[in-house]
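Engineer: Sequence:
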Amino acid sequence: MSERFMVVPVDQDDDDARAGADGDSVFLDTGAGEVEIARRRGSVPILQYNREPTRYGDGNPRESIPFFHNTEDEKGNLYDGKNMALFEEEMDSNPMVSSLLSKLANYTNLTQGVREHEEADEDEGAKKKKVKSPQMGTFIGVYLPCLQNILGVILFLRMTWIVGTAGILEAFIIVSMCCTCTMLTAISMSAIATNGVVPAGGSYYMISRSLGPEFGGAVGLCFYLGTTFAGAMYILGTIEILLTYIVPNAAIFKTDDKELQAEAMLNNMRVYGTCCLALMSLVVFVGVKYVNKLALVFLAAVVLSILAIYAGVIKTIFEPPVFPVCLLGNRTLQNHNFDKCLKTEIIDNVTMTTKLWSLFCKGPELNASCNEYFSMNNVTEIQGIPGLTSGVISENMWSSYGPAGMLVEKSVSSEESIDTSQDVLMPYVVNDITTFFTLLVGIYFPSVTGIMAGSNRSGDLRDAQRSIPIGTILAIATTTIIYLSCVVFFGACIEGVVLRDKFGDSVKGNLVIGTLSWPSPWVIVIGSFFSCCGAGLQSLTGAPRLLQAIARDGIVPFLEVFGHGKANGEPTWALLLTAFICESGILIASLDAVAPILSMFFLMCYLFVNLACALQTLLKTPNWRPRFKYYHWTLSFLGMSLCLALMFISSWHYALVAMLIAGCIYKYIEYRGAEKEWGDGIRGLSLNAARYALIRLEESPPHTKNWRPQLLVLLNLDSEFTVKHPRLLSFTTQLKAGKGLTIVGSVLEGTFLTKEAEAKRAEQNIKSVMAAEKTKGFCHVVASSNLRDGISHLIQSAGLGGMKHNCVLMAWPGSWRQSNDPQSWKSFIETIRETTAAHQALLVAKNVDSFPHQERLTEGTIDVWWIVHDGGMLMLLPFLLRQHKVWRKCKMRIFTVAQMDDNSIQMKKDLQMFLYHLRLNAEVEVVEMHESDISAFTYEKTLVMEQRSQMLKQMQLSRTEREREIQSITDESRSSIRRKKRTSSVHSTGVHNQSSQLDDDNPDEAQLIHDRNTASHSAINDKADATPDRVHMTWTREKFLTERNRNREANANMTVRDLFNMKPEWETLKQSNVRCMHTAVKLNEVVRCKSQDAHLVLLNMPGPPKNRDGDENYMEFLEVMMEGLNRVLLVRGGGREVITIYS
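First residue of the sequence shown: 1, per my numbering; consecutive thereafter.
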């Protein structure tokens, strides 16, 4: 199948771009394969993030691609021959298929290893060795590392206690839930890991690239904290094994008081744990290679320990080990300070008390006072490990939860004592903490973590996309079988009171799981000790590198310092922070208290792995093509739900804290973090959600209650593509307050092909100004052949579906009179017409540069001049403005205009009632504009306006013709002046008109007015017989003021009859223009009288004339209406109601 492309020639402005074009359409037929290659610029494996923009044309950062970085020699080879000459210009970005395939075949994803100090010294001055391809397979590279990381401290130190406390059934449920969670997570992780190459970074890389920088950073830091607290847990486990089972006499803090023994043990854990942390950190700092060399030893210790456990279980069938447990009644005794489970013994026919007697009695005498319970019950000795066939499994089937201090008792009858106050001082085995189901879930879950070990080694695998799924899932399946079988075997082989004895006090301080092992308990003790040491070193090695990867990604600004390290890349600063956080976990000193903390962070990490897979599967993004096919979004969703449930089951308050930490990190990255585009699933989810919402919005227009201004802000740019009026964006922010839609648009004149770079530059400048002005919205810069068409395109096509603008905001063209190009104000008027045709509201801000920025206005007013009904826009805009802190202290005043036949008092009452129903607080005033004669000022203003229009119509003529036309207009004006009977009145109006136009008109117009006034003075003085064609004279400000004062005195003496005597000059004026100018002048007088000091004046904007010949006069009317006012906002409604009195 082929595709057909049509190449159409454009305007012949860019000769270089169209060299050789003959003007005809050219059709090319290309194969589908070549088309696919041409489209695959971004679908290749992602390796290393490049912060610099590439030359793909859009300026966005792209991932660096190995086979796009060709050397010059390679380029030369690519261009040899003439068969592919047609594609030569695109070879830099679109390589030949043969080149692409050859580079893919030779591609390897080696992690950038860390060179040790010793290796650097050895290699100094020597040639670098050739990098070998990774050769690790599934078993060595994934299966064994996962096995080593999953099996650890909880299995050796807490598994028997969990089984004894929860019972076999509930322990089976706990293990099943946790292992199911990790299995579902492994399936999701396998899908993500096989969807392309996963560079060094493992789980963090997968989550961040799948869910975006915000989620990636938040979950990455949670995973880092979990790994760090895991290091603390392993160190605490190491110290617990050392001080409890290997060298108990090494304790620094010792006490004989049983109540203080627990606190003394915690202090010992803190001291030894800190020393162990310092030693391990030093080992990691000196060289990671030593940790890697010991990894095999640690792995062997784990495997041998597991084998010893199973060997011991099998041996109990034939010959159970001898570990007697002493019971007093049904209470378990701590077997530390006595060697015989007897109250008395007969030696040489003499009854003697034993050491056990002295523990409960006040002396060794037979008649000594003893503990009541001790006196009432006998001492019995049972076998601690009865064996697999003993039937003890039925006794251990059910749970035995209880509070802290509860005695560990066997379910046999005994005599209960009345006084139990002294029981706490007796050598009984008791619960050290309060136990319940959810607590055990939190303590157990860390024993199933470590499933990411294979994905973290992806760079060392021969075939990562095959090894990671198989190795990880097999490791989880193996450990699940081990854990479930251990639950059953422990419950079937070990006595219940021994299982609930956390520290093995009843078996002379032996590790409980060690009593079951064969050939000796020391196999488990030594194996678990080395296993905990190795796991702690691995955590202290991996956590700093994870933090370094997050810091180097640049998504969390305050962590950038931790991206640096030693010259060889060792993360020194990250190691220090890791050690500091790890020390905080060690200071907790309790393994049972630290385990739920890291459970939260790991569960959150696994939750987001499942979420990432579910999102990618549901969104069906084109790049989602995992090689691992045995996944489904329902499995990922189930895994995500299970993770969330386990978080709250384990510890709801820890879960909330962990989510709060992740949420704070997320919002911080969103607010301050670097912008990254990683093609994440959250962006795809946002696009789908936006599409769904837009389709829903398209179904019906918004109700009046939901109407708010959705703005299209039209900006003007200067020659350097910087924003001319940034205060327009400030006003937008104050009006919108971040709500609704804001589109900031601008137009560049030219074609897109020639203005592409300038458009992007202008867009960046606008975005920077939007950020400075805190304007939230979108930016759209278009290139068009002319300004008028560009604005028209924006008005018509900006927005999408239901999210389109309904208001256009622009600045008043203040220099339209001085502009030599009439297109500036013609474009403005056409914009008004097009917004009206599109049924969109229009807001025009005059003197926008004087609008407030961030400074809060003191008490003042926002004055609304409600002349015609516009759907309520004039009412709604001040209300929205007053929601912002800048305008909050301003009061709202509403003025309306009454005619001669209106009842002003009733109008005010009706308007007050209307505002009451609208729930708006505003002062109301009705201004009466009585019918009055048209003033001479109005006539003269109209006369000058029409004369200026005639003059500007000649702007397209040559300079000689234009001067001749201006002279003829001047002569005609002079002749009309000579015909007047009352020249004094004409003299005054001429000078008054001159005062209004002195600052705005161009030099030719100013000269024309001066000529006319000169003629007037000549007529008055009877010196007009020989008026020169052109009088040259310097018109200074002092002369202007003197003349204006003289004219005012003349106007004061003018009578109504004088006005009618001016008719010979005005008989050529259009009456419609005179009436419009009269309205503008009268309205301006009233507004200036009432609102001269207002912070903002809102006025109804009259529509442009239907006849385009009067466009310039329309601009003059608006100018006169706003004359003398500082901040004005002209408002033109969109033809619909935008405010309602109904709820």
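Rather than coming from a laboratory, the hints here were simulated on the basis of the structure. Do not rely on the hints blindly, as some may be mistaken.
To be verified - Straight line, CA to CA, 20 Å or less: simulated SDA-like cross-link-like pairs of lysine to any residue:
(1) Lys739 to Leu880
(2) Lys1090 to Val868
(3) Lys410 to Ser369
(4) Lys739 to Lys826
(5) Lys289 to Gly569
(6) Lys760 to Gly802
(7) Lys889 to Val868
(8) Lys826 to Ser590
(9) Lys254 to Asp432
(10) Lys1082 to Gly799
(11) Lys891 to Met929
(12) Lys767 to Lys826
(13) Lys885 to Val868
(14) Lys629 to Arg466
(15) Lys629 to Asn337
(16) Lys355 to Asn337
Just so you know, these numbers come straight off a predicted model, no measurement behind them.
Engineer: Each hint: holds or not?
Structural biologist: Here's how the hints hold up against the structure:
no.	hint	in the structure
1	Lys739 to Leu880	holds, 11 Å
2	Lys1090 to Val868	holds, 18 Å
3	Lys410 to Ser369	violated, 26 Å
4	Lys739 to Lys826	violated, 33 Å
5	Lys289 to Gly569	holds, 14 Å
6	Lys760 to Gly802	violated, 27 Å
7	Lys889 to Val868	violated, 27 Å
8	Lys826 to Ser590	violated, 80 Å
9	Lys254 to Asp432	holds, 18 Å
10	Lys1082 to Gly799	violated, 40 Å
11	Lys891 to Met929	violated, 25 Å
12	Lys767 to Lys826	violated, 28 Å
13	Lys885 to Val868	violated, 30 Å
14	Lys629 to Arg466	holds, 11 Å
15	Lys629 to Asn337	violated, 61 Å
16	Lys355 to Asn337	holds, 7 Å
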